[in-house]
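A.B. asks: Next come the chains, spelled out residue by residue.
Number of protein chains: 2
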Amino acid sequence: MDVYRASATITMNQTIQIGPLFTDLYELTMAASYFDHHVTGTATFSLYIRETDKRSYFVAAGLEDVLNMLHKFHFSEDDLGYLRTTGLFSDAFLSFLADLGFSGDVFAMPEGTIFFSDEPVLEVTAPIIEAQLLETFLLNTIGFQTLIATKAARCLHAARGRPLIDFSLRRTQGWDAGIKVARSSYIAGFEATSNVIAGKIYGIPISGTMAHSFVSVFGDEAEAFTAFYDTFPENAVFLVDTYDTIEGVRNAIKVADNMRKKGHCLKGIRLDSGDMVELSREARKILDCAGFPETKIFASSGFDEFKISDAIERGGKIDAFGVGTKLGVSADAPFLDIVYKLVRFEDRDVRKLSPGKITLAGKKQVFRKTDRQERFIEDIIGSREEIPGDAIPLMKKAMENGALVDPIPSLQEIRNRFGHHFSLLDEKYKNIYKPARYPVAISPRLLEHQPEFPGSIKHPEKRSLP
Amino acid sequence: MDVYRASATITMNQTIQIGPLFTDLYELTMAASYFDHHVTGTATFSLYIRETDKRSYFVAAGLEDVLNMLHKFHFSEDDLGYLRTTGLFSDAFLSFLADLGFSGDVFAMPEGTIFFSDEPVLEVTAPIIEAQLLETFLLNTIGFQTLIATKAARCLHAARGRPLIDFSLRRTQGWDAGIKVARSSYIAGFEATSNVIAGKIYGIPISGTMAHSFVSVFGDEAEAFTAFYDTFPENAVFLVDTYDTIEGVRNAIKVADNMRKKGHCLKGIRLDSGDMVELSREARKILDCAGFPETKIFASSGFDEFKISDAIERGGKIDAFGVGTKLGVSADAPFLDIVYKLVRFEDRDVRKLSPGKITLAGKKQVFRKTDRQERFIEDIIGSREEIPGDAIPLMKKAMENGALVDPIPSLQEIRNRFGHHFSLLDEKYKNIYKPARYPVAISPRLLEHQPEFPGSIKHPEKRSLP
Numbered sequence: 044m045d046v047y048r049a050s051a052t053i054t055m056n057q058t059i060q061i062g063p064l065f066t067d068l069y070e071l072t073m074a075a076s077y078f079d080h081h082v083t084g085t086a087t088f089s090l091y092i093r094e095t096d097k098r099s100y101f102v103a104a105g106l107e108d109v110l111n112m113l114h115k116f117h118f119s120e121d122d123l124g125y126l127r128t129t130g131l132f133s134d135a136f137l138s139f140l141a142d143l144g145f146s147g148d149v150f151a152m153p154e155g156t157i158f159f160s161d162e163p164v165l166e167v168t169a170p171i172i173e174a175q176l177l178e179t180f181l182l183n184t185i186g187f188q189t190l191i192a193t194k195a196a197r198c199l200h201a202a203r204g205r206p207l208i209d210f211s212l213r214r215t216q217g218w219d220a221g222i223k224v225a226r227s228s229y230i231a232g233f234e235a236t237s238n239v240i241a242g243k244i245y246g247i248p249i250s251g252t253m254a255h256s257f258v259s260v261f262g263d264e265a266e267a268f269t270a271f272y273d274t275f276p277e278n279a280v281f282l283v284d285t286y287d288t289i290e291g292v293r294n295a296i297k298v299a300d301n302m303r304k305k306g307h308c309l310k311g312i313r314l315d316s317g318d319m320v321e322l323s324r325e326a327r328k329i330l331d332c333a334g335f336p337e338t339k340i341f342a343s344s345g346f347d348e349f350k351i352s353d354a355i356e357r358g359g360k361i362d363a364f365g366v367g368t369k370l371g372v373s374a375d376a377p378f379l380d381i382v383y384k385l386v387r388f389e390d391r392d393v394r395k396l397s398p399g400k401i402t403l404a405g406k407k408q409v410f411r412k413t414d415r416q417e418r419f420i421e422d423i424i425g426s427r428e429e430i431p432g433d434a435i436p437l438m439k440k441a442m443e444n445g446a447l448v449d450p451i452p453s454l455q456e457i458r459n460r461f462g463h464h465f466s467l468l469d470e471k472y473k474n475i476y477k478p479a480r481y482p483v484a485i486s487p488r489l490l491e492h493q494p495e496f497p498g499s500i501k502h503p504e505k506r507s508l509p
Numbered sequence: 044m045d046v047y048r049a050s051a052t053i054t055m056n057q058t059i060q061i062g063p064l065f066t067d068l069y070e071l072t073m074a075a076s077y078f079d080h081h082v083t084g085t086a087t088f089s090l091y092i093r094e095t096d097k098r099s100y101f102v103a104a105g106l107e108d109v110l111n112m113l114h115k116f117h118f119s120e121d122d123l124g125y126l127r128t129t130g131l132f133s134d135a136f137l138s139f140l141a142d143l144g145f146s147g148d149v150f151a152m153p154e155g156t157i158f159f160s161d162e163p164v165l166e167v168t169a170p171i172i173e174a175q176l177l178e179t180f181l182l183n184t185i186g187f188q189t190l191i192a193t194k195a196a197r198c199l200h201a202a203r204g205r206p207l208i209d210f211s212l213r214r215t216q217g218w219d220a221g222i223k224v225a226r227s228s229y230i231a232g233f234e235a236t237s238n239v240i241a242g243k244i245y246g247i248p249i250s251g252t253m254a255h256s257f258v259s260v261f262g263d264e265a266e267a268f269t270a271f272y273d274t275f276p277e278n279a280v281f282l283v284d285t286y287d288t289i290e291g292v293r294n295a296i297k298v299a300d301n302m303r304k305k306g307h308c309l310k311g312i313r314l315d316s317g318d319m320v321e322l323s324r325e326a327r328k329i330l331d332c333a334g335f336p337e338t339k340i341f342a343s344s345g346f347d348e349f350k351i352s353d354a355i356e357r358g359g360k361i362d363a364f365g366v367g368t369k370l371g372v373s374a375d376a377p378f379l380d381i382v383y384k385l386v387r388f389e390d391r392d393v394r395k396l397s398p399g400k401i402t403l404a405g406k407k408q409v410f411r412k413t414d415r416q417e418r419f420i421e422d423i424i425g426s427r428e429e430i431p432g433d434a435i436p437l438m439k440k441a442m443e444n445g446a447l448v449d450p451i452p453s454l455q456e457i458r459n460r461f462g463h464h465f466s467l468l469d470e471k472y473k474n475i476y477k478p479a480r481y482p483v484a485i486s487p488r489l490l491e492h493q494p495e496f497p498g499s500i501k502h503p504e505k506r507s508l509p
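Order-wise, the sequence lines are chains A and B. Under my numbering, the first residue of the first sequence is numbered 44, with each subsequent residue one higher. Under my numbering, the first residue of the second sequence is numbered 44, with each subsequent residue one higher.
Errors might be hidden in some of the hints.
Same chains, same label: a pair holds when it works inside one copy or across any pair of copies.
[Claimed, not checked] Keeping only pairs whose Cα atoms sit at most 20 Å apart, straight-line, the calculated SDA-like set for lysine to any residue is:
#1 K350 x G262
#2 K350 x A376
#3 K97 x A374
#4 K471 x E290
#5 K115 x E456
#6 K97 x A376
#7 K97 x A479
#8 K97 x G345
#9 K350 x D380
#10 K406 x G262
#11 K305 x A265
#12 K305 x D79
Since the hints were derived computationally from the structure, they do not count as laboratory data. Model, not experiment: these values are computed from the prediction.
Just chain A, with the same shape it has in the complex (with noise of 0.2 Å):
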């Protein structure tokens, strides 16, 4: 129902132009009637993540790409001409559509903030068609960023310290999702990324070794990592389980024996498949006897921050982590129920009833307080304009009448914050299995705001500002 069908055909090519076309055709129907009765007045949207039980925190992510669309945010005449095909869309809309930038402000949590459920990360604050038509984008961007850099700040947890490489780009849903999630997770801690695009866009350290399709060509496994050592003396890591994971590992022995006469050392092994905990403990033992304490042993193969976890109790000797597909899909919680509701039109707070999607009106601020060591103890979500005390407010204005307040920080900025924040927050809300739930009230003030509060939501507490 309701199928408009359109006559351009494209042949696709390797490049993707994101612009204001990246949206659901219901943002421009919607503008389309507005247009026509004239509804022009000043919107405010809130984007915040409903409460999920498979995460206690968020790392919120994307706000870059954001500012950068919002930046030139534009119809192109190609845009227009496809739109005009639709048939849906009168010319003097078209017109319309032809002259718009986005003019107004967005209060946002920079990338790295730790945040929590329906605390909002990003508020736009513009003429209502503007606020409307960035909805769907907004939603995408926002919402896979933040999901890939929470999954990878729990794999970190998980690991204690020991360091965490992205492997996920051949599995990713997508081109996009590979790039942005080993931003993501190197905003996390994550040391670095198999993904030499982003290596390339982003200056994330990129690292990797072999596939077992070159311990094949080779046939024999010392031959190959011969070979491999021989282009590369500085950084061999050996893949050990093309045959028999044990039996690799004597042969990565071998050679390194050679390399040492050569005055160079085995940087690492890495195990793939089988036991990692026994495999690992084995190898090590091997290792070390055969005089090769400084070999790193490295493994890959369905880690996440479970079996990450599990594999270091059960007392896997692995120094060093390949964490692929379950983080660059977030594969036990492929989404965030993420939204992007209206909270004031024109003078008034507004806020939809649908059951169970319950929406706090009004402009907001989330505001933060810490004890002495600047340890997170509780956060309140409150009015833009109260006045926070000695609570830290989140949210900063990122963007005015359309312009860039600030310099967008740069990755390894944002990667501090995170970090920062992170060793602020109590082990107890890190819990990979049972977190405990991180107290967020409301104020009383934002509370007097919600014209016929229903009084069902989360986080009912009534919480004063310090």
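Fit chain B to the known structure of chain A by using the hints.
C.D. replies: Leaving out everything else, chain B in the frame of chain A:
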């Protein structure tokens, strides 16, 4: 470990250029070592999906992107410049890459083909460096699009003829995923998508109505409906659950009465929350009593094949479904165990023997036996050069010496192929809860070519070709 730090940091813009750097680093390090050691022989790699209890069949998708990419495979100056900064690669190797294109052959199942686990969906034969460098890209591209086309086919089956519309863009895993979900679900019989950019790129019909915010802005529901109808008199579908669904239906009827006076009919109402079965039955009754039997009921809200099936079985009066997030991320199975394995190098068949990860050596073909009505009876994985009798070979030569063999089929042709195939697959294999296992055998000839065959793979029955 094995971390190479790159100096380049490029600010993201909204264009993603997918080329040879869309790869795991190890493809390049292996290539460098092959280059150093003059390993230049011809290799065949086989792309297939390992068995999963979540899916009983697969729908091939993604080949168009693959052929487009291979056709243009080329390292740009910029790519080479980045690789140089890593300090990993010799000038000689980088010069070699500068001149590299894809000169090999591709055998593949056309998009829209139904296939099964362990069956090769694509095989590449090329000089080993070329074939190896494609691994990550091929796995990502074929894997994701096949994942979604398969999920969409399951939804189609569950809907028993009712139209389905892709609503997933806001929650897909990134931008490319959103676009490819629209295409993959259209291949698998979806009617349309809400995704405007996919409509533009692929000519897929687009569809959309209004959001809750639209109703909130007008405050009065009937006023919002009237405004929308006013702009889209021929395409009005009203979202009725912003405040109270049944009230919403009554408001829709009020407006529809006025529309009728002007010669227009209300196409439909949309339900987006609450008990879809109960609400749709009540809404149907109210609409029918009020004299609007022609007004369709459209439902969205967490649908996937299971919820669609359940809603229909429980007597929901739903005429069409919007299928969003759970389709867009294939929520119950967000990745496939898809692999790309070396099966032949120079003149010998090759395979990996790692535990649980057995590969069938040699160049292959998949033969499908059908009955007189063309219905699928059994598949046989055989050697490429076997003579099939009256079984149908499913893989076709798509590229020869780096050139396309046939023009890339239109999306409509691909969709038709899927529709035809799907009609020939027995219901019992399509069951979304407890599907029967479709018989896949290995030809005696292929079995004979498995040196040291461990005899422990999944389909050990010996079957002869007809």
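A.B. asks: Now look at each hint and say whether the structure bears it out.
C.D. replies: Taking the hints in turn, this is what the structure says about them:
{"no.": "1", "hint": "K350 x G262", "verdict": "neither (32 Å within a copy, 51 Å between copies)"}
{"no.": "2", "hint": "K350 x A376", "verdict": "both (16 Å within a copy, 18 Å between copies)"}
{"no.": "3", "hint": "K97 x A374", "verdict": "both (11 Å within a copy, 14 Å between copies)"}
{"no.": "4", "hint": "K471 x E290", "verdict": "neither (42 Å within a copy, 46 Å between copies)"}
{"no.": "5", "hint": "K115 x E456", "verdict": "neither (24 Å within a copy, 37 Å between copies)"}
{"no.": "6", "hint": "K97 x A376", "verdict": "both (7 Å within a copy, 16 Å between copies)"}
{"no.": "7", "hint": "K97 x A479", "verdict": "within (12 Å within a copy, 32 Å between copies)"}
{"no.": "8", "hint": "K97 x G345", "verdict": "both (19 Å within a copy, 17 Å between copies)"}
{"no.": "9", "hint": "K350 x D380", "verdict": "between (25 Å within a copy, 17 Å between copies)"}
{"no.": "10", "hint": "K406 x G262", "verdict": "between (65 Å within a copy, 18 Å between copies)"}
{"no.": "11", "hint": "K305 x A265", "verdict": "within (17 Å within a copy, 83 Å between copies)"}
{"no.": "12", "hint": "K305 x D79", "verdict": "between (78 Å within a copy, 19 Å between copies)"}
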